[in-house]
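**Q** Go ahead and model the full structure; you've got the sequences and the hints to work with.
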Amino acid sequence: MYKVIKKMEFCYGHRLMDHGGPCKHLHGHNARVELELAAENLNSKGMVRDFLEIKQVIKAWVDQSFDHRLLLQEGDPLISVLKKADEPIVTVAYPPTAENLAREIFFYAKKSGFPVRQVRIWETESSMASFGE
Numbered sequence: 001m002y003k004v005i006k007k008m009e010f011c012y013g014h015r016l017m018d019h020g021g022p023c024k025h026l027h028g029h030n031a032r033v034e035l036e037l038a039a040e041n042l043n044s045k046g047m048v049r050d051f052l053e054i055k056q057v058i059k060a061w062v063d064q065s066f067d068h069r070l071l072l073q074e075g076d077p078l079i080s081v082l083k084k085a086d087e088p089i090v091t092v093a094y095p096p097t098a099e100n101l102a103r104e105i106f107f108y109a110k111k112s113g114f115p116v117r118q119v120r121i122w123e124t125e126s127s128m129a130s131f132g133e
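Just so we're aligned, residue 1 is where the sequence shown starts under my numbering, counting upward by one.
Calculated from the structure, these hints are not laboratory results. Since the model is a prediction, treat every value here as computed from it, not as a measurement. Some hints here could point you the wrong way.
As the list claims (entries may be wrong) - Label-pair restraints from in silico Cβ distances: (1) 80 to 2: 46 to 52 Å; (2) 16 to 45: 39 to 45 Å; (3) 81 to 56: 31 to 37 Å; (4) 79 to 21: 20 to 26 Å; (5) 83 to 51: 35 to 41 Å; (6) 65 to 2: 23 to 29 Å; (7) 5 to 80: 38 to 44 Å; (8) 51 to 11: 18 to 24 Å; (9) 115 to 88: 29 to 35 Å; (10) 61 to 93: 32 to 38 Å; (11) 82 to 30: 16 to 22 Å; (12) 5 to 82: 32 to 38 Å; (13) 55 to 130: 19 to 25 Å.
What the hints assert, rightly or not - Subject to a maximum C-alpha distance of 25 Å in a straight line, what follows is the list of computed DSS-like cross-link-like pairs (lysine-lysine): (14) 7 to 111; (15) 59 to 110; (16) 24 to 84; (17) 24 to 110; (18) 7 to 84; (19) 6 to 110; (20) 45 to 3; (21) 111 to 6; (22) 111 to 55; (23) 3 to 110; (24) 7 to 45; (25) 111 to 24; (26) 59 to 45.
C-beta: ideal position from N, C-alpha, C; glycine also.
**A** Structure (structure tokens):
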């Protein structure tokens, strides 16, 4: 089995409304994503997938979807206030945790035809969540 890992970084803000601790307040992260791809055989270029193609497709989507955005769960009372202030908000149907973001990136990569095995998101230097097969 051949594997490649592409690292990407993005910044985002969020809050977890049902959290009992400090994460219930607005705060931000400098996230690092590790996208792991795997294949039994290499393509005609001798690669699992070209790193440039990963960047052009997956990294571009991550940047457009999450980078420098405030991720809030549907029903958050701050959504209307922040939209009026023209803040870059992304409303999601789930708690905007690192685990759920890893799942979103995984399924986007899969839908885009990449042989993704796992997505890891480092929310901090010591805290990582993952989603994969």
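**Q** Verify the proposed pairing of residue 111 with residue 55, using a straight-line Cα cut of 25 Å.
**A** OK: residue 111 and residue 55 at ~16 Å, within 25 Å.
**Q** Is the straight-line distance between the alpha-carbon of residue 111 and that of residue 6 25 Å or less?
**A** Holds - the C-alpha atoms of residue 6 and residue 111 are around 17 Å apart, at most 25 Å.
**Q** Taken at face value, is the distance from the CA of residue 110 to the CA of residue 24 at most 25 Å?
**A** The hint is violated at about 31 Å.
**Q** Would you check the hint for residue 7 and residue 111, treating anything up to 25 Å between C-alpha atoms as holding?
**A** holds (19 Å)
**Q** Need the status of pair residue 24, residue 84: alpha-carbon distance at most 25 Å?
**A** holds (22 Å)
**Q** Taking 25 Å as the top limit, are the C-alpha atoms of residue 111 and residue 24 close enough?
**A** Status violated; Cα separation ~32 Å.
**Q** Is it true that residue 51 and residue 11 lie within 18 to 24 Å of each other by Cβ?
**A** holds (22 Å)
**Q** Holds or violated: are the alpha carbons of residue 59 and residue 45 at most 25 Å from each other?
**A** holds (21 Å)
**Q** Holds or violated: residue 7 and residue 84, Cα atoms, limit 25 Å.
**A** violated (35 Å)
**Q** Compare the distance between the alpha carbons of residue 3 and residue 110 with 25 Å, and conclude whether the hinted pair is satisfied.
**A** holds (15 Å)
**Q** Starting from the hint 19 to 25 Å, judge whether the C-beta atoms of residue 55 and residue 130 obey it.
**A** Given range 19 to 25 Å: holds, Cβ gap about 21 Å.
**Q** Quick check: does the Cβ-Cβ distance between residue 65 and residue 2 fall within 23 to 29 Å?
**A** holds (28 Å)
In summary, the structure is inconsistent with hints 10, 17, 18 and 25 from the numbered list given earlier, while agreeing with the others.
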